[in-house]
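> Chain by chain, the residues:
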Amino acid sequence: MLFGKKTVSLCAPCTGMSVPLSEIPDEAFAGGMLGDGFGVEPSEGHFCAPVGGHVESVAEAKHAYTILTDEGLDVLVHIGVDTVRLNGEGFVPRVSAGQYVKTGDVIADADLELIRKKGLPTTVAVLVTNPEKIENAEYRHGSVACGRDAVMSFRLTRKG
Amino acid sequence: MKEFTYTIEDPNGMHARPAGKLATYAKQFDADIRVHAGEKESDGKRLLALMSLGATCGTELHFIISGSDEEAACEQLERFCRESWGRGE
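These protein sequence lines map, in sequence, to chains A and B.
In my numbering, each number is its position in the first sequence, counted from 1, plus 37.
In my numbering, each number is its position in the second sequence, counted from 1, plus 1.
Fair warning: there could be bad hints in the mix.
[Unchecked claim] Subject to a maximum C-alpha distance of 25 Å in a straight line, what follows is the list of computed DMTMM-like cross-link-like pairs (lysine to aspartate or glutamate):
| no. | chain 1 | residue 1 | chain 2 | residue 2 |
| --- | --- | --- | --- | --- |
| 1 | B | Lys-41 | B | Glu-61 |
| 2 | A | Lys-155 | B | Glu-10 |
| 3 | B | Lys-28 | A | Asp-142 |
| 4 | A | Lys-99 | B | Asp-11 |
| 5 | B | Lys-28 | A | Glu-169 |
| 6 | B | Lys-28 | A | Glu-108 |
| 7 | A | Lys-99 | B | Glu-40 |
| 8 | A | Lys-99 | A | Asp-119 |
| 9 | B | Lys-22 | A | Glu-60 |
Read the hints as simulated data drawn from the structure, not as lab findings.
Throw the hints in and build the complete structure from the sequences for me.
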């Protein structure tokens, strides 16, 4: 039985430097309360899907995108810290809820300069918010290219 | 089945952090926890599902709880919502 042995990867949602979750300047992300994943300090304001699946929602404030993969993983891409406060200013969604995306498909553009001017960190968080479905996660941190470099790889558990 | 309603006080609505806190809290119960907002309905234990409700400040959430520990789940969830969830993060 190969079931439960499948390896899944999440790739960089933008070009920049990937960092461990614990280095994201927000306790809810850093503490792992919202799930397992990683951060990327973006050097460019183009964002893509780190994994393929259905776009489940685009936040009202356009800063957070959720993707439900075919394997049942819940993946959150959250651009910047506390950026919900910008109420959409500086963000341009390129997808809408219900759409199917492939790894690397563009999901949003963001004005990084504007986010910084508002005094907010631009760090992007990529999280699996149902981490009980994954195990043996491995990370590869450093310089990453949008939609091309895998940052986190793991196996699916039998749960769910 | 037990139920209660709670109106969102967080000025930013049901964004990632509050949805995560609520889902994490809800997961400790065995009971099935459904959260309704207007016409939409979601699994109260799933962060993504809660976010997809698109609930903004002032939205009334209707919690419907059913299962073996529904009594405790309803009471504790309601207290969680009113006392710690939407306030001073």
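> The structure should be examined with respect to each hint, and the outcome stated for every one.
Each hint tested on the structure:
Taking the CA atoms of B/Lys-41 and B/Glu-61, the gap is about 12 Å. The hint holds against a cut of 25 Å. Restraint check for A/Lys-155 and B/Glu-10: satisfied, since their Cα atoms lie roughly 24 Å apart, inside the 25 Å limit. Distance restraint check for B/Lys-28 and A/Asp-142: the Cα-Cα separation of roughly 32 Å exceeds the 25 Å cut-off, and the hinted pair is therefore not satisfied. A hinted pair counts as satisfied when its Cα atoms are at most 25 Å apart, and A/Lys-99 with B/Asp-11 qualifies at roughly 17 Å.
Between B/Lys-28 and A/Glu-169 the alpha-carbon distance is near 11 Å, which keeps this suggested pair within the 25 Å criterion. For the given pair, B/Lys-28 sits about 21 Å from A/Glu-108 by alpha-carbon distance, which is consistent with the 25 Å threshold. For the hint pairing A/Lys-99 with B/Glu-40, the CA-to-CA distance comes to about 22 Å; that is within 25 Å, so the pair holds. A threshold of 25 Å between alpha carbons decides the hint, and for A/Lys-99 with A/Asp-119 the separation of about 12 Å falls inside it, so the pair holds.
Proximity of B/Lys-22 to A/Glu-60 is assessed by CA-CA distance (about 20 Å); at most 25 Å being required, the pair is judged to hold.
Checked against the numbered hints given earlier, this structure breaks only hint 3.
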